[in-house]
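Protein chains: 2
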Amino acid sequence: MKREIDYSLYLVTDRDLMSAPDLETAVERAVKGGCTLVQLREKTAGSREFFETAVRVKAVTDSYGVPLIINDRLDIALAADADGVHIGQDDLPADVARRLIGSGKILGVSASSLGEAEEAVCAGADYLGIGAMFATGTKTDADLATMDELRRIRRALSIPIVVIGGINQATAPSFRDIGIDGLAVVSAIIGAPDIEAASREMREVWDGFKR
Amino acid sequence: MKREIDYSLYLVTDRDLMSAPDLETAVERAVKGGCTLVQLREKTAGSREFFETAVRVKAVTDSYGVPLIINDRLDIALAADADGVHIGQDDLPADVARRLIGSGKILGVSASSLGEAEEAVCAGADYLGIGAMFATGTKTDADLATMDELRRIRRALSIPIVVIGGINQATAPSFRDIGIDGLAVVSAIIGAPDIEAASREMREVWDGFKR
Chain Y
155 MKREIDYSLY
165 LVTDRDLMSA
175 PDLETAVERA
185 VKGGCTLVQL
195 REKTAGSREF
205 FETAVRVKAV
215 TDSYGVPLII
225 NDRLDIALAA
235 DADGVHIGQD
245 DLPADVARRL
255 IGSGKILGVS
265 ASSLGEAEEA
275 VCAGADYLGI
285 GAMFATGTKT
295 DADLATMDEL
305 RRIRRALSIP
315 IVVIGGINQA
325 TAPSFRDIGI
335 DGLAVVSAII
345 GAPDIEAASR
355 EMREVWDGFK
365 R
Chain Z
155 MKREIDYSLY
165 LVTDRDLMSA
175 PDLETAVERA
185 VKGGCTLVQL
195 REKTAGSREF
205 FETAVRVKAV
215 TDSYGVPLII
225 NDRLDIALAA
235 DADGVHIGQD
245 DLPADVARRL
255 IGSGKILGVS
265 ASSLGEAEEA
275 VCAGADYLGI
285 GAMFATGTKT
295 DADLATMDEL
305 RRIRRALSIP
315 IVVIGGINQA
325 TAPSFRDIGI
335 DGLAVVSAII
345 GAPDIEAASR
355 EMREVWDGFK
365 R
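Same order as they appear, the protein sequences are chains Y and Z. Following my numbering, the numbering of the first sequence begins with 155 at its first residue and continues without gaps. Following my numbering, the numbering of the second sequence begins with 155 at its first residue and continues without gaps.
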């Protein structure tokens, strides 16, 4: 059974930026600070290492009742019994991903245009990651999404939307009145010297949207 | 339904060594020359590229009635509806792989010792790739398997066994009297100037074992 997801503050991991000694510690600190969802992204790990990392991180997210999403690798998501998978435009096609993971797991899809967003919805996505909103050092090959395109996507589609790519305390307030469902953050949390504090501060920015 | 597999001459692809213009052409030439099984191995491709390559190569192998096995990536094997997956000791654990692909697909496992081989059999492997039999340029991090260890594995286990790692026309004859089920070949076929001829010559070496 797919549970209701709180997309408010979505941590996306990046081992290279990480200020904590290991990923489990980094994730635990981020979740303690207020992250509501975690995506494990491993771009260089072999399959065994990725799988074992996913199992360890899931023990942490499970203990806090926060869903774990695996980036790209459906096989790792299935093997570790993660809550879902997040795919980009260079990963498996979204309709194939949906067929393989079934209806019980969360499918997130990256999109940078309304066309990609509509296609993802038709393929069965549960949420969209719209971006990159700003040029970012974490994903240099990412297509950029403009603020206008984000507004068009939000007006056209009712699916949950998180923004990603250069989201930090300085940039987040620009999304205040667009009606998004959450902020996806990489370096501003995982790369912060104090991950828990950075997570708490980002969470306060988000909570401020609702006042 | 899992079909009876002919392991006689098992092509493992390597894009970097390839003498043909594209993988489909290389695979077609190898199969025409006598390869009975094909493993698609892509160590640098992104998921979309790997998936699309697998679909194209499967169209070729299907047209010749030869099974296609995907290296490492279970999600690609499932997405492309390949005939099976081949995993190494650094990939997903074999028992997890078996659970995810079900009983209808072929599971191959690399092993370099009797201990690894026994574990793979218990986990539900359909065949073993034993090696690397010789130090090889295609997989520099591979553990080496000795001829004595290969003989021990063959005596202990009834599962189909192919040898891999440095198998070519010069080295293949040393396996004549060990009772293996096939030769797995990378560079000696895919890297040959004439892939079809190289495949035919390796096939003649193998067929010579039976006389």
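Treat each hint with caution, since some may be false.
[Claimed, not checked] Simulated crosslink set (EDC-like; lysine to aspartate or glutamate; CA at most 20 Å straight-line): (1) Z:197 to Y:203; (2) Y:197 to Z:203; (3) Y:197 to Z:244; (4) Y:197 to Y:216; (5) Z:197 to Y:244; (6) Z:197 to Z:297.
Hints in this document: simulated from the structure, not taken from any laboratory. Here the structure is a predicted model, which is why all the values come from computation and not from measurement.
| field | Numbers of the earlier hints that this structure fails to satisfy, in rising order | value | 4
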